[in-house]
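Enquirer: Listed below are the residues making up each chain.
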Amino acid sequence: MPRLNGERRHRIAFTLDGKPVSGEAEPRLLLSDFLRHVIGETGTHVGCEQGICGACTVEIDGRPSRSCLTLAVQVEGAEIRTVAGLAAGPETLCVLQEAFRARHGLQCGFCTGGILVSLNALFRDKPEASEAEIREVLSGHLCRCTGYVSIMEAALAAQKRLSGKTHA
Amino acid sequence: MKPPRFDYFAPQSSAEALAALAEEGGEAFILAGGQSLLPLLTMRLARPRLLIDIMRIEEWREIRLEGGAIRIGAGVRQAELESFPGLARHQPLLALALPFVGHPQTRSRGTVCGSIAFADPSAELPLALLALEGQVHLRSRQRARSLAAADFFTGTMASARAEDEVIEAVSFPVAGEGCGYAFREVTRRGGDFAIAAFAAFVDERSARLGVGGVADRPFLRFMPRPGTKDLDEALDAFAFDLEAREDLHASARYRRELVRRLGRLALEEAERCRA
Ligand SMILES: Cc1cc2nc3c(=O)[nH]c(=O)nc-3n(C[C@@H](O)[C@H](O)[C@H](O)COP(=O)(O)OP(=O)(O)OC[C@H]3O[C@@H](n4cnc5c(N)ncnc54)[C@H](O)[C@@H]3O)c2cc1C
Ligand code: FES
Ligand code: FES
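From first to last, the protein sequence lines stand for chains B and U.
Okay, so the first sequence: first residue is 1 according to this note's numbering, each after it adds one.
Okay, so the second sequence: first residue is 169 according to this note's numbering, each after it adds one.
If you are wondering where the hints come from, they were derived from the structure by calculation, not from laboratory data.
Heads up, the beta-carbon is just placed ideally off N, CA and C, and yes, glycines get one too.
With beta-carbon atoms standing in for the labels, derived distance ranges: (1) B:Ser130 to U:Ala328: 37 to 45 Å; (2) U:Gln180 to B:Lys19: 23 to 31 Å; (3) B:Thr42 to U:Asp319: 45 to 53 Å; (4) B:Glu7 to U:Glu345: 53 to 61 Å; (5) B:Gly40 to U:Glu230: 34 to 42 Å; (6) B:Gly109 to U:Glu331: 43 to 51 Å.
Only part of the chain B face toward chain U is listed, based on derived beta-carbon distances under 7 Å: (7) Pro27; (8) Arg28; (9) Thr57.
Straight line, CA to CA, 16 Å or less: simulated EDC-like cross-link-like pairs of lysine to aspartate or glutamate: (10) B:Lys19 to B:Glu76; (11) B:Lys126 to U:Glu250; (12) B:Lys160 to B:Glu133; (13) B:Lys19 to B:Glu79; (14) U:Lys170 to B:Glu7; (15) B:Lys126 to B:Glu136.
Between the sequences and the hints, there should be enough to build the whole structure, so can you do that?
Expert: Rendered as structure tokens:
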């Protein structure tokens, strides 16, 4: 890639939830804003824009990461997964989402997308994750509504259902 | 807020990166994991003309065991080091300290060398590098040099790195026979920067204590062996000599008390692990 001029927009292409996407971005455009404003995928939320709250968490090449601490130009050619790709279709929920609904793992839902992305990766890569490991992953997310107890319950319920099943 | 405008360059070779850095003088910043730089940009505390993204440079993406040390290239992410096979055996202190560096969602991007370059006084990896007496390998277009960790860190977010230099790699000595290690820290919440952090390293002849988060940079001192009666006095002297910082999170007095208590616990734990 040549040096990209900061005053201009440049074409960026990557894989989003399994499908190729592309759009134009100035070098300074954050991945979170690229997803929301250029692609129009608003499942990824933006809270603090400083890496602290976790609302903007997406998977970049298989690892949950802050999309607000990543430039769109950095993910050229990468594989991005967001909360929008978790369920098989618009009318269905994945096991994790179902558990969050059943156990009141969310109230306003602002933090939820990021949390689901992190937990989905954890249970895929480490199905036997301990409660302490689940808590460590959740420590990367702030929720101002639930007080975390119901989130933890939902996570454990989902893990139980997922064990022995193949994971979406 | 949103970052100010800058050019972006993601070279594939170190030669291109070093040339760009030399040509722009202080106007170019290295972009590694971005976990400290991006917040500075969005808050507009930094206004570089150019970001040089070094993460596409294959030659810098390697972790290597060589000459009794683990050498970690500039492009190695913290999560990659965490999952390096046998890390806890090669160097237990690294395996102990890494989980305290931010969150899994920041370690996935943040690099080891980026944390050393950032030189935050509370950061865990600079403390571990100092406690183990590791090396920082610097390279510019003109020259290469290696500095001992103690000579590299010079103050709050300040280091001996020149504007045209990149930290090409850092090396942490591997664990020797009969060595024990411990890491402790105090934070308000998991994943926060440490109010005070402690890295203890005990071998057959000596005991060492590194302290982060208390002074303007991490400091290391030889200590009496745990179990000997001079330890209390030595910890007390260390606590005062660090000239503890005072901030929103903790008073200087509280930090001194942490040095006395957690410093002792860390040394005792390292001594137990030696067996
Ligand atoms: C929510 C949150 C919590 C965090 N908690 C902690 C914590 O508890 N402890 C902790 O230590 N850190 C913490 N961090 C910071 C840590 O995640 C960063 O990874 C680290 O400080 C910088 O590494 P980086 O690769 O992200 O560097 P970048 O952000 O890319 O760069 C940081 C600075 O170093 C320079 N730089 C980077 N690499 C090099 C190089 N190879 N040579 C020369 N200069 C270079 C850059 O120009 C920049 O000035 C936290 C970050 C966030 C967002
Ligand atoms: S918006 Fe990215 S972490 Fe808060
Ligand atoms: S459900 Fe409202 S912030 Fe978490």
